[in-house]
Amino acid sequence: MSVNLLSQLLVQSGTAPELSLAQWETILGQTRKSRLLGRLAQHFLSQQWLISVPQQPRQYLEGALRLIDRQHHEVRWEVQCIRQALKDVDTPVVMLKGAAYFVAGLPPRDGRLFSDIDIMIRRDRIAEVESALYRCGWISEERDAYNQHYYREWMHEIPPLRHVRRNTVIDVHHTITPPTSRFKVDGAELLQHIQAVDARGDLFILNPPDMVLHSAVHLFQEGEFGHGLRDLLDLKDLLEHFQQQADFWPHLFQRASELKLQIPLFHALFHIQRLFDVAAPAQWTQQVAECAPAAPARIAMAWLLGLALRPDHPSCDTHWTGLARWLLYLRSHFLRMPLHLVVPHLLRKAYMGYFPEKNL
Amino acid sequence: MIISQLDFSELAARLRGSGLRIRTGSINFRIISSLPSIAQGIHLLYPDYPLVEEDAFIDFTVEVNKATGMRRWLRPQVKFTYEGVEPFGALPVAQAFPMLEWAMNWCISTQSHHFLSLHAAVLEREGCAVILPAPPGSGKSTLCAGLASRGWRLLSDELTLISLKDGLITPLGRPISLKNQSLEVIRQFYPDAVLNQVTHDTSKGSISHLKIPPGHVAQLEQRARPRWVVFPKYVPDSKAELTLRSKANSLLELGRNSFNYHVLGQAGFELLADVISASDCYDFRYSQLEDAVTLFDELALKEHP
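Line by line, the protein sequences give chains A and B.
Take the first sequence: its position 8, counted from the start at 1, is 7 in numbering that gives the first Met the number 0, and no numbers get skipped.
Take the second sequence: its position 281, counted from the start at 1, is 280 in numbering that gives the first Met the number 0, and no numbers get skipped.
No lab work stands behind these hints: they were computed from the structure.
Just to be clear, a hint being listed does not mean it is correct.
Quick list of the computed label-pair ranges, beta carbon to beta carbon [said to hold, decoys possible]:
id, chain 1, residue 1, chain 2, residue 2, range
1, A, Gln-83, B, Ser-17, 41 to 47 angstroms
2, A, Leu-44, B, Leu-167, 22 to 28 angstroms
3, B, Arg-15, A, His-72, 43 to 49 angstroms
4, A, Tyr-145, B, Ala-277, 53 to 59 angstroms
5, B, Gly-254, A, Ser-12, 37 to 43 angstroms
Note that CB positions come from ideal geometry on N, CA and C, so glycine has one too.
The task is simple: from the sequences and hints, build the whole structure.
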């Protein structure tokens, strides 16, 4: 089952597709692995295609809808708890990624399962935020001293925090990429342009161009592509939604230039066009091309990402998929850290991977 | 076509190749394994189960095979792979067959949200089902095996699946897992018992699986309505005794013994409420299996005199 069939299935409309039971089996496998089952189910629901799905696979689509419904219920509560915990800390609380789509009611929220909640706060308030969250029951996930050091010193982040009772995880950031990264962005610059979610004024999201750029840089700088296809779909949803606003595209290119994020934006637009046939309006073609990296990098990345963005499922793997993913994993580290830090870090991670019990 | 109509080499070949397609109750599995103990276990315990046709839907594909890597010469291990991922850690290769059974249960309990699934045994008599929820060590499996050998139809020894649509219980009907002293008790109680070879040193002790009577397999498409919820507890030297217990408390306890109650939210709660209001709820203590079966038979007799 080619990945293009799955991508088409997720975005097409009109008459219900006719799929054999064997095809359904494969689709369920691919979507389970790439965390797209909920999205597929939601799409079938909104297109009114569920009735045409054979009973056996349909049970799993309906099950996914139940799971999502339940989870959204829980996320709503979680956001409430976070708001309450941080109300006295002198910083805006900015929801990022999935949590942002959720609180702002943006299209990627539909059919999406959430794992961690990501928030962004003022860099100089990290300690207070950590304390406030600790008082309300969130404690550090990370027990290993080396990993703590990695987070705090090199990534300038605190490790994820897990709530002792609810078992939910919150990831606290002060910017959208690591400060050691090639694509570093100053959080203060982003905080200048945030938007309040509602009249209470205590919860924010990034403005549309920043949200799109965050999604792009996160996807193409990350080493893990387990849900790459899902993240790309989220990005596509955002673009289709925001471009209804006047001047969205010029603002997007201008902001990409200001934050020096043209290259991730280019990669994102390239693959969204390739997989979903969604592109920037024709008058912006030149602008898009100007965002591209030099030809060798552009060609190599197109190939690597083309493979890595397939659902991470045996039915989609080629001989090269494993290599592509590994190269991108390496690349992500080089992007995030300078060489003299990366090499010892990766060696250590390999060692810890081999002897996990010693590091508990 | 049923499993026993394949000769052993054909069975093993399918397992090694594209997979053995087998139907257990309402769930179609494809099982992939090159391990002899898996082929032998299936040959012994699943002869009466139907094979699934080539073009039919497969709910879950489970692969249980030897782990590769450095350790394979020192202490061979077996791993369960599902959709390219390993949900459990690797286990010693001797535990391959129990691992297969756990893997099949895991697939159902984590993904079948069209059912409310309970960690409970369930058996049926004349259309009425008795649900036996219980934590490990309460004697539930011994009781379940005892009842299944004496006229109670086995629906499942581990997973009670209650349909969200109509509240009926769907059988799974797979082999009954028995541990430790249970094995000896059942060998005495049920002389015709067909038991797989015993696996020692698992996290639960010594384990084996008991084949269910062929008549039960033939009826796996027949569902049952819940009628009794009985919480068993093995208490040494005690007399078999059923005591009525609070329905409200029983509802909460069933919720605690459920795999996906938290996913189903209000629908799950309402379904449990329906199950409880239709059922008499009891605490049950026993030490002698013979007495236990007698008491359960009396319960059934009261329902259908």
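Comparing the hints with the structure gives:
About 54 angstroms separates the C-beta atoms of Gln-83 of chain A and Ser-17 of chain B, a value inconsistent with the hinted range of 41 to 47 angstroms. In this structure, Leu-44 of chain A and Leu-167 of chain B meet the distance hint of 22 to 28 angstroms, their C-beta atoms being roughly 26 angstroms apart. Between Arg-15 of chain B and His-72 of chain A the beta carbon distance is about 45 angstroms. The supplied range of 43 to 49 angstroms therefore holds. Distance hint check for Tyr-145 of chain A and Ala-277 of chain B: the Cβ-Cβ separation is about 57 angstroms, which falls inside the suggested range of 53 to 59 angstroms.
Separated by about 40 angstroms at the C-beta atoms, Gly-254 of chain B and Ser-12 of chain A satisfy the suggested range of 37 to 43 angstroms.
The structure is inconsistent with hint 1 alone, although it conforms to all the rest.
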